[in-house]
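A.B. asks: Read off the chains here:
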Amino acid sequence: MTEAATVHSKRRITNLVMTSLTAICAVFATTVLLIILGFIAYQGISSISWEFLTDTPKPVGEGGGIGNAIVGSAMMTLLAAIIGLPVGIAAGVYLAEFGKNWYGNTIRFIADTLIGVPSIIIGIFIYTVVVMPMGRQSGLAGGLALAIIMIPIVARTTEEMINLVPNSMREGALALGAPQWRVSWNIVLPAAMSGIATGAMLAIARITGETAPLLFTALNSRFYNFYYDQPMSSLTVQIYNFATGPFEVEHAMAWAATLLLVGFILFINIIVRYLTRKKH
Amino acid sequence: MQSKISIKDLDFFYGKEQALFNISLEIPEHEVVAFIGPSGCGKSTFLRTLNRMNDTIPIASVSGQVIIDGKDIYAPGTDVVALRRKVGMVFQKSNPFPKSIFENVAYGIRINGIHSDREDMNRRVEKALRDAALWDEVKDRLTTSAFGLSGGQQQRLCIARALAVQPDVILMDEPASALDPIATQKIEELVVELKKDYTIVIVTHNMQQAARVSDRTAFFMLGKLIEYNPTQKMFTNPDEKLTEDYITGRFG
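Chains as they are written, first to last, in my numbering: chain A, 19 to 298; chain B, 355 to 606.
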């Protein structure tokens with residue numbers, strides 16, 4: 019009886035210790051994130067102004083802003099999304115609906131490898147095949163690099179979301195005499211749409227924060243540039259330049275730009291949370 | 355007796371595993387035929403060979419003949435899409451599409467291009483829902499999601515969906531196994547009603563259900579057809595000892 023009680027209390031203590039340990043780790047993980055966010059907000063908020071959001075960078079001491087970087091980031095993300103979303107989603111549909119063969123497995127393996135490739139390597143690749151032949155860095159090259167990063171992510175999330183659609187729904191449509199492509203197109207895809215949209219948003223958030231692939235592809239520009247064949251500024255590269263500069267004013271602007279970028283990514287994540295909550 | 359479907363020497367394999375052994379069976383037009391047997395006996399697999407639903411399983415293979423209206427559906431060049439329009443199916447678990455009630459029924463009509471205009475579509479959807487004894491319950495909320503219906507209503511919606519494409523044959527794979535007794539009764543009444551216009555093959559675990567709704571019953575065990583007789587005879591004076599043992603609940 020007493021032995022059983024001892025075992026029992028020992029178990030309870032182990033349970034308590036382990037639960038506390040995981041709870042502490044959870045608190046630690048989120049605290050670090052909160053500290054980072056708080057620090058960025060604290061450092062960045064004071065430099066954000068209308069001028070900062072709309073003006074172009076000026077020589078140190080004359081103010082200026084990152085309006086051109088905001089436009090550049092938006093344009094390159096847009097280009098990447100226009101190429102990356104349709105290709106990625108179509109590839110994901112293929113993998114999920116028709117890809118249970120060696121060809122599908124090969125594509126899947128390549129996509130997973132591509133997701134793991136450091137993004138600077140994508141930048142070097144685009145530098146070789148786009149920048150060198152064109153003779154200059156450009157928004158086009160930057161957008162393409164981002165698209166390449168985006169495609170495998172979108173493809174794999176799309177595939178996973180489609181795999182979640184119950185097979186019974188496919189069979190229901192097939193049993194009505196629907197050809198396979200119509201089943202995929204107007205039953206499976208709509209059923210998986212909210213999940214696919216979530217994946218797409220997260221992929222966009224991910225590429226907006228990329229710096230390395232833009233360094234040699236889009237380079238940077240001190241001016242507003244609305245042409246894809248010219249070097250283009252982006253928030254991330256601008257942050258890099260500000261942060262590596264020698265002046266305190268530049269550092270302050272780097273913080274402010276970081277705040278903007280993090281705010282945007284946070285905003286997308288909140289939208290995603292909202293979209294997925296409505297479902298369940 | 356006029357055979358709607360005649361199955362000759364059908365063997366079925368999942369890879370190297372044989373699931374059905376040399377099955378031959380005649381299914382007359384405008385009758386209800388019930389398939390009974392213990393779980394895993396191959397009755398669902400057999401049902402799914404009748405509209406080639408097993409084609410979706412890559413490792414499945416079939417030999418023998420399934421002749422519907424004089425044509426072997428496993429002959430090369432068979433239009434599987436047309437076959438499935440003619441041989442409708444209702445599944446064990448109701449599987450409405452994530453669409454409105456109206457669109458669920460309209461889907462099959464639309465993909466097969468059966469309707470002539472919008473009004474014709476409305477008429478066809480209404481008729482299908484009436485035939486499935488669901489119209490009165492849903493007529494005021496046709497545009498709402500099909501997922502808002504109860505389990506029994508969803509299953510009748512799936513029946514309406516199958517009826518809407520005007521099949522000749524309806525295959526039902528344990529259509530009432532997930533439903534409560536009242537919903538089950540409605541489905542059973544429906545089956546008897548639908549017999550006038552359709553040939554129905556129904557898989558069931560429920561012996562009483564087979565006795566109530568079917569004209570003929572086929573008893574399967576371990577992938578073999580043990581006995582096939584008029585239901586009346588099957589449940590009162592079966593030819594085979596195994597059938598009797600199963601029906602009386604001596605194993606199963």
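Hints are computed from structural coordinates only; laboratory data are not their basis. Some clues are possibly wrong.
[Said to hold, decoys possible] No farther apart than 30 Å at their CA atoms in a straight line, the calculated lysine-lysine pairs in the DSS-like style are these: (1) B:LYS587 <-> B:LYS540; (2) B:LYS453 <-> A:LYS118; (3) B:LYS453 <-> B:LYS481; (4) B:LYS493 <-> B:LYS578; (5) B:LYS578 <-> B:LYS362; (6) B:LYS550 <-> B:LYS440; (7) B:LYS440 <-> A:LYS118; (8) B:LYS370 <-> A:LYS118; (9) B:LYS481 <-> B:LYS370; (10) B:LYS595 <-> B:LYS362; (11) B:LYS447 <-> A:LYS118; (12) B:LYS481 <-> B:LYS578.
A.B. asks: Could you run down the list of hints and mark each one as holding or not?
C.D. replies: Verification of the supplied hints:
1. B:LYS587 <-> B:LYS540: holds, 25 Å
2. B:LYS453 <-> A:LYS118: holds, 28 Å
3. B:LYS453 <-> B:LYS481: holds, 19 Å
4. B:LYS493 <-> B:LYS578: violated, 45 Å
5. B:LYS578 <-> B:LYS362: Roughly 13 Å between the alpha carbons, so the hint for LYS578 (chain B) and LYS362 (chain B) holds.
6. B:LYS550 <-> B:LYS440: holds, 16 Å
7. B:LYS440 <-> A:LYS118: holds, 29 Å
8. B:LYS370 <-> A:LYS118: holds, 20 Å
9. B:LYS481 <-> B:LYS370: violated, 45 Å
10. B:LYS595 <-> B:LYS362: Roughly 24 Å between the alpha carbons, so the hint for LYS595 (chain B) and LYS362 (chain B) holds.
11. B:LYS447 <-> A:LYS118: holds, 25 Å
12. B:LYS481 <-> B:LYS578: Violated - the C-alpha atoms of LYS578 (chain B) and LYS481 (chain B) are around 39 Å apart, more than 30 Å.
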